[in-house]
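When you get a sec, could you build the whole thing from the sequences and use the hints?
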Amino acid sequence: MSPRLRQAPLVLVATLAALFLAPAVVLPYYRIVLAEILVWGLFGMAFDLLFGYTGMLSFGQALFFGAGAYGAAYAVFKLGAGLWGALAVAVVVATVFAVAVGFFAVRVSGHYFLVLTITFSVVIFLVLESGHWRWITGGYSGRPFPAPPITLGPLSLPLTNSLAGYYFVVAAVAGAYALCYLLLASGLGWVFLSIRENEPRARLLGYNVEGYKLLAFSISGFFAGLSGALYALTSQYTNLSFFHWTISTNAVVWTVIGGTGTLLGPFLGSGLFIAGGDFLSAQVPNFPIAIGVLLLVFVLFAPEGLLGLLRRLARRPTAPV
Amino acid sequence: MTPEAQFILFGLNGLVWGLIIALIALGLSLVFGLIEIINIAHGDLFMLGAVLAWYMIQWTGNFWVALAAAPLAVGLLGMLIERGVLRPIEHKPIITILATFGLSLIFQQSVLATFGGAPQRIEEPIGGLIPLVGTFYPVYRVFVAGCALVALAGLWLLLYKTRYGMWMRAVRQDREMAVALGIASDQVYMLTFGLGAALAALGGVLAAPVTSLEFQMGLDVLPTAFIVVIIGGLGSLQGTLVAAVLLGVLEGLANVFVTPTTARIFSLLFMAVVLLVRPQGIFGKRP
Amino acid sequence: MLQVADIHTYYGKSYVLHGVSLEVQPGEIVALLGRNGVGKTTTLKSIMGLVPPRRGRISFNGQELMALSAHRVGRLPLGYVPQGRRIFPELTVNENLLMGVGPGVATPDALERVFRYFPILHQRSRQRGGTLSGGEQQMLAIARALVKQPTMLLMDEPSEGLAPLVVRSVKQTIRALNQEGLAILLAEQQVAMALDLAARAYIMENGLIVYAGRGEELRRNPEIMKRHLGVVV
Numbered sequence: 001m002s003p004r005l006r007q008a009p010l011v012l013v014a015t016l017a018a019l020f021l022a023p024a025v026v027l028p029y030y031r032i033v034l035a036e037i038l039v040w041g042l043f044g045m046a047f048d049l050l051f052g053y054t055g056m057l058s059f060g061q062a063l064f065f066g067a068g069a070y071g072a073a074y075a076v077f078k079l080g081a082g083l084w085g086a087l088a089v090a091v092v093v094a095t096v097f098a099v100a101v102g103f104f105a106v107r108v109s110g111h112y113f114l115v116l117t118i119t120f121s122v123v124i125f126l127v128l129e130s131g132h133w134r135w136i137t138g139g140y141s142g143r144p145f146p147a148p149p150i151t152l153g154p155l156s157l158p159l160t161n162s163l164a165g166y167y168f169v170v171a172a173v174a175g176a177y178a179l180c181y182l183l184l185a186s187g188l189g190w191v192f193l194s195i196r197e198n199e200p201r202a203r204l205l206g207y208n209v210e211g212y213k214l215l216a217f218s219i220s221g222f223f224a225g226l227s228g229a230l231y232a233l234t235s236q237y238t239n240l241s242f243f244h245w246t247i248s249t250n251a252v253v254w255t256v257i258g259g260t261g262t263l264l265g266p267f268l269g270s271g272l273f274i275a276g277g278d279f280l281s282a283q284v285p286n287f288p289i290a291i292g293v294l295l296l297v298f299v300l301f302a303p304e305g306l307l308g309l310l311r312r313l314a315r316r317p318t319a320p321v
Numbered sequence: 001m002t003p004e005a006q007f008i009l010f011g012l013n014g015l016v017w018g019l020i021i022a023l024i025a026l027g028l029s030l031v032f033g034l035i036e037i038i039n040i041a042h043g044d045l046f047m048l049g050a051v052l053a054w055y056m057i058q059w060t061g062n063f064w065v066a067l068a069a070a071p072l073a074v075g076l077l078g079m080l081i082e083r084g085v086l087r088p089i090e091h092k093p094i095i096t097i098l099a100t101f102g103l104s105l106i107f108q109q110s111v112l113a114t115f116g117g118a119p120q121r122i123e124e125p126i127g128g129l130i131p132l133v134g135t136f137y138p139v140y141r142v143f144v145a146g147c148a149l150v151a152l153a154g155l156w157l158l159l160y161k162t163r164y165g166m167w168m169r170a171v172r173q174d175r176e177m178a179v180a181l182g183i184a185s186d187q188v189y190m191l192t193f194g195l196g197a198a199l200a201a202l203g204g205v206l207a208a209p210v211t212s213l214e215f216q217m218g219l220d221v222l223p224t225a226f227i228v229v230i231i232g233g234l235g236s237l238q239g240t241l242v243a244a245v246l247l248g249v250l251e252g253l254a255n256v257f258v259t260p261t262t263a264r265i266f267s268l269l270f271m272a273v274v275l276l277v278r279p280q281g282i283f284g285k286r287p
Numbered sequence: 001m002l003q004v005a006d007i008h009t010y011y012g013k014s015y016v017l018h019g020v021s022l023e024v025q026p027g028e029i030v031a032l033l034g035r036n037g038v039g040k041t042t043t044l045k046s047i048m049g050l051v052p053p054r055r056g057r058i059s060f061n062g063q064e065l066m067a068l069s070a071h072r073v074g075r076l077p078l079g080y081v082p083q084g085r086r087i088f089p090e091l092t093v094n095e096n097l098l099m100g101v102g103p104g105v106a107t108p109d110a111l112e113r114v115f116r117y118f119p120i121l122h123q124r125s126r127q128r129g130g131t132l133s134g135g136e137q138q139m140l141a142i143a144r145a146l147v148k149q150p151t152m153l154l155m156d157e158p159s160e161g162l163a164p165l166v167v168r169s170v171k172q173t174i175r176a177l178n179q180e181g182l183a184i185l186l187a188e189q190q191v192a193m194a195l196d197l198a199a200r201a202y203i204m205e206n207g208l209i210v211y212a213g214r215g216e217e218l219r220r221n222p223e224i225m226k227r228h229l230g231v232v233v
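Sequence order for the protein chains is A, B and C. Counting along the first sequence from 1, when you hit position 101 you're at 101 in the working numbering, and nothing is skipped either side. Counting along the second sequence from 1, when you hit position 235 you're at 235 in the working numbering, and nothing is skipped either side. Counting along the third sequence from 1, when you hit position 24 you're at 24 in the working numbering, and nothing is skipped either side.
Honestly, the hints are just simulated from the structure, not real lab data. Glycine is no exception: its CB is placed at the ideal position from the N, C-alpha and C atoms. Don't take every hint at face value.
What the hints assert, rightly or not - Listed next, the in silico SDA-like pairs over lysine to any residue satisfying Cα-Cα at most 20 Å (straight line):
id: 1; chain 1: B; residue 1: K92; chain 2: A; residue 2: G308
id: 2; chain 1: B; residue 1: K92; chain 2: A; residue 2: S194
id: 3; chain 1: C; residue 1: K13; chain 2: A; residue 2: E197
id: 4; chain 1: B; residue 1: K92; chain 2: A; residue 2: E197
id: 5; chain 1: B; residue 1: K161; chain 2: B; residue 2: A151
id: 6; chain 1: B; residue 1: K92; chain 2: A; residue 2: F301
id: 7; chain 1: B; residue 1: K92; chain 2: A; residue 2: N198
id: 8; chain 1: C; residue 1: K13; chain 2: A; residue 2: S194
id: 9; chain 1: B; residue 1: K92; chain 2: A; residue 2: G110
id: 10; chain 1: B; residue 1: K161; chain 2: C; residue 2: L111
id: 11; chain 1: B; residue 1: K92; chain 2: A; residue 2: V297
id: 12; chain 1: C; residue 1: K171; chain 2: C; residue 2: R200
id: 13; chain 1: A; residue 1: K78; chain 2: A; residue 2: Y237
id: 14; chain 1: C; residue 1: K13; chain 2: A; residue 2: P200
id: 15; chain 1: C; residue 1: K226; chain 2: C; residue 2: G213
id: 16; chain 1: C; residue 1: K226; chain 2: C; residue 2: Q190
Unchecked claim - Quick list of simulated restraints, FRET-style, between CB atoms:
id: 17; chain 1: B; residue 1: V258; chain 2: C; residue 2: S125; range: 49 to 59 Å
id: 18; chain 1: B; residue 1: L132; chain 2: A; residue 2: E129; range: 30 to 40 Å
id: 19; chain 1: B; residue 1: A68; chain 2: A; residue 2: T246; range: 30 to 40 Å
This is the structure:
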């Protein structure tokens with residue numbers, strides 16, 4: 001069965017075009033904001049893959065974000081790697097981490113799973129904070145590191161504070177999105193959705209539910225790690241707070257409000273909060289409280305988020321992507 | 001101080017802390033046993049108890065008023081939350097967890113906006129030391145232990161010696177059957193949630209003079225409460241109590257040898273193991 | 001006494017009762033027969049308001065039950081002995097019985113009467129419900145329903161999972177209760193037992209009543225029994 005497209009191709013093309021043309025229209029400062037929105041949106045997308053598609057609520061994705069960030073830092077500092085090397089190391093580290101944690105975590109579900117993911121996150125954070133693992137964390141926390149240039153064949157372009165850097169992020173995130181889209185459209189999406197909808201039935205149908213959950217968890221970790229690496233490289237710093245579970249909860253807020261199970265929703269969410277955040281926190285006196293209220297409102301009345309709501313109104317067919 | 005004295009001292013501190021955790025964890029367990037949701041805002045109810053106590057002390061200068069009133073106020077808040085926010089979504093567990101997360105954000109940010117970000121302290125309402133094992137121990141901490149024990153005894157009496165407590169236990173075991181026998185289970189849900197909240201807040205008021213008050217103090221307490229409830233067994237109140245006291249004492253004693261962080265790491269890892277190997281905890285029933 | 005008129009009940013999206021009508025007169029035992037899954041339990045739960053019907057009417061002693069919330073139905077003199085007993089496993093026998101009083105006042109002789117019927121429960125009064133044998137649990141479930149002195153009982157498969165000897169004793173209990181004036185609507189899969197007790201019987205199939213008549217009439221028409229119940233007794 002060929003999966004029918006749920007994202008209107010027009011929307012995707014329009015968004016991509018807008019992103020490409022943006023630097024021509026806006027000040028360089030906004031390039032940085034856009035890049036940040038994209039990177040965090042990618043992190044949200046990683047969460048959405050796990051939660052919106054497979055129905056696994058986890059507050060532990062910060063682990064893999066941090067792993068990616070620190071993996072990239074380690075590659076640059078200790079291995080003298082270039083951009084591609086750093087990214088490769090980062091995603092490998094994050095994915096290995098995800099497989100290791102996921103191997104245990106997927107054996108339980110629901111609230112036990114949630115508590116377990118929070119636990120792992122807290123444990124790792126505490127362990128790293130305690131300073132016993134200086135060889136990974138000591139050198140890099142807070143210390144700005146030299147962002148390696150973008151090397152494409154003979155070309156070497158600066159990564160930070162540059163047009164090339166902006167386009168690199170756009171390309172990287174778009175590529176990650178495309179990869180995720182393809183993975184889900186390949187039939188994996190259906191399996192994940194069926195696990196979310198009715199896990200016992202999926203099991204009865206013969207699916208190795210734990211295996212698929214582990215797959216979802218690992219893929220999610222991969223993308224989370226990528227986003228962490230991109231963030232570290234473009235903002236040129238890493239920090240232990242990247243591992244704290246409250247980072248994970250940002251992804252939760254963006255995804256629930258932006259749109260669960262949509263892949264694009266988290267980008268909408270991160271866009272609203274990061275871009276809108278500056279503006280709104282000046283207007284609305286207690287903006288953080290408003291965020292909580294907004295989340296509550298969405299959870300109670302529109303848990304599928306803005307995009308999900310739009311989809312429901314447009315009555316799109318229920319295909320995985 | 002002799003090593004033995006130090007040991008006993010740390011152990012006692014652990015015991016006191018364990019009793020406070022028992023109050024908080026029992027609140028969490030009561031609610032979970034009934035509604036089967038993990039209330040992420042539970043730690044913040046603890047925080048609200050402490051912060052409200054601070055405000056009440058500012059207004060009245062009296063700790064005892066705060067001790068009585070703050071848990072009641074938070075208990076009422078708990079009832080409002082159950083009735084207003086959670087009731088419509090109670091049958092959807094993941095949505096409920098997210099809703100409690102939203103509430104947690106709201107509580108923390110509201111307190112940050114009003115109370116401020118700077119940690120505050122409350123003075124111990126009962127000063128003085130009593131001589132103990134060759135050294136001195138704060139009277140207040142003894143009071144805390146006593147107060148917690150009284151609260152726990154009160155909870156036990158309520159659950160096992162009153163009709164309403166019997167209804168609460170019945171609704172926990174078989175809601176539909178309780179309804180068929182004429183029990184208004186909705187009301188029981190609301191009151192149970194309120195009771196759980198009040199217990200957490202009581203823990204907060206008692207803990208306030210011995211810890212620093214700030215808007216995120218719930219974040220530290222919540223994982224501990226989880227640990228205790230899961231190790232003790234979700235749905236088993238005795239298990240939760242035993243686990244809380246054991247954990248408190250063990251962590252307290254461990255502090256003699258390792259840093260608090262390390263002790264915490266081991267407790268968390270132990271909980272993870274229990275979750276994986278025996279999810280119903282030590283005392284819980286097989287789900 | 002009990003009148004159920006054309007109720008349609010859904011379990012979520014599942015359309016279970018397609019228009020069920022029956023009635024029970026004071027002092028009668030009426031059997032509700034049918035294979036597994038035809039909707040007998042759903043019918044009883046609909047009457048109790050646990051699975052409210054979307055359409056239809058139910059009245060008990062002239063009172064409209066569908067206008068009441070489930071826990072208010074539970075306070076009427078209508079006793080419910082559910083399938084599977086469903087006694088509270090962690091509560092003691094005594095406490096289980098006290099639950100039978102509901103929010104009302106527990107008169108001292110309420111338990112007395114029940115203990116006279118089921119002396120073994122008196123012996124076990126401090127034991128936790130979950131530790132009782134199947135037959136004892138069935139006794140407890142019935143006793144619990146009797147504590148508030150109902151005028152009618154709804155019983156759902158009281159013989160299920162019980163040894164024949166125990167079933168016989170349950171049967172005797174039901175007969176004795178009926179002789180004291182209790183009306184009983186008895187949903188059962190054990191056709192022989194039900195017909196021994198009941199004057200009238202309804203047979204359900206696919207969420208509808210397909211036969212209504214006197215017990216002897218049914219016995220005289222084994223082909224009806226065979227067609228709807230798959231057994232002949």
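For the pair supplied as a hint, K92 (chain B) and E197 (chain A), is the alpha-carbon distance within the 20 Å limit? 12 Å, holds
Is it true that the CA of K92 (chain B) sits at most 20 Å from the CA of F301 (chain A)? Holds - the C-alpha atoms of F301 (chain A) and K92 (chain B) are around 13 Å apart, at most 20 Å.
Given pair status - Q190 (chain C), K226 (chain C), alpha carbons within 20 Å: With Cα atoms ~14 Å apart, K226 (chain C) and Q190 (chain C) stay inside 20 Å; holds.
Under the criterion that the straight-line Cα-Cα distance not exceed 20 Å, is the pair K13 (chain C), S194 (chain A) satisfied? Holds. K13 (chain C) to S194 (chain A) sits at ~19 Å (cutoff 20 Å).
Satisfaction of the hinted span 49 to 59 Å by the C-beta atoms belonging to V258 (chain B) and S125 (chain C): 51 Å, holds
Starting from K92 (chain B), check that the Cα of N198 (chain A) is at most 20 Å away, please. 13 Å, holds
For the pair supplied as a hint, K13 (chain C) and P200 (chain A), confirm whether the alpha-carbon distance does not exceed 20 Å. Holds, at about 19 Å.
Sort out whether S194 (chain A) lies within 20 Å of K92 (chain B), counting only the CA atoms. Distance of about 17 Å is within 20 Å: holds.
Hint check: K13 (chain C) vs E197 (chain A), CA-CA at most 20 Å. Holds or violated? 15 Å, holds
Verify the CB-CB distance for A68 (chain B) and T246 (chain A) against the hinted window 30 to 40 Å. Once the Cβ atoms are compared, 34 Å apart, the range 30 to 40 Å for T246 (chain A) and A68 (chain B) holds.
E129 (chain A) and L132 (chain B) - C-beta distance against the hinted 30 to 40 Å: Distance hint for L132 (chain B), E129 (chain A) holds at roughly 34 Å.
Pairwise hint evaluation, A151 (chain B) against K161 (chain B), where the allowed Cα distance is 20 Å at most: Satisfied, since the Cα-Cα distance of roughly 15 Å is no more than 20 Å.
The structure agrees with every numbered hint stated previously.
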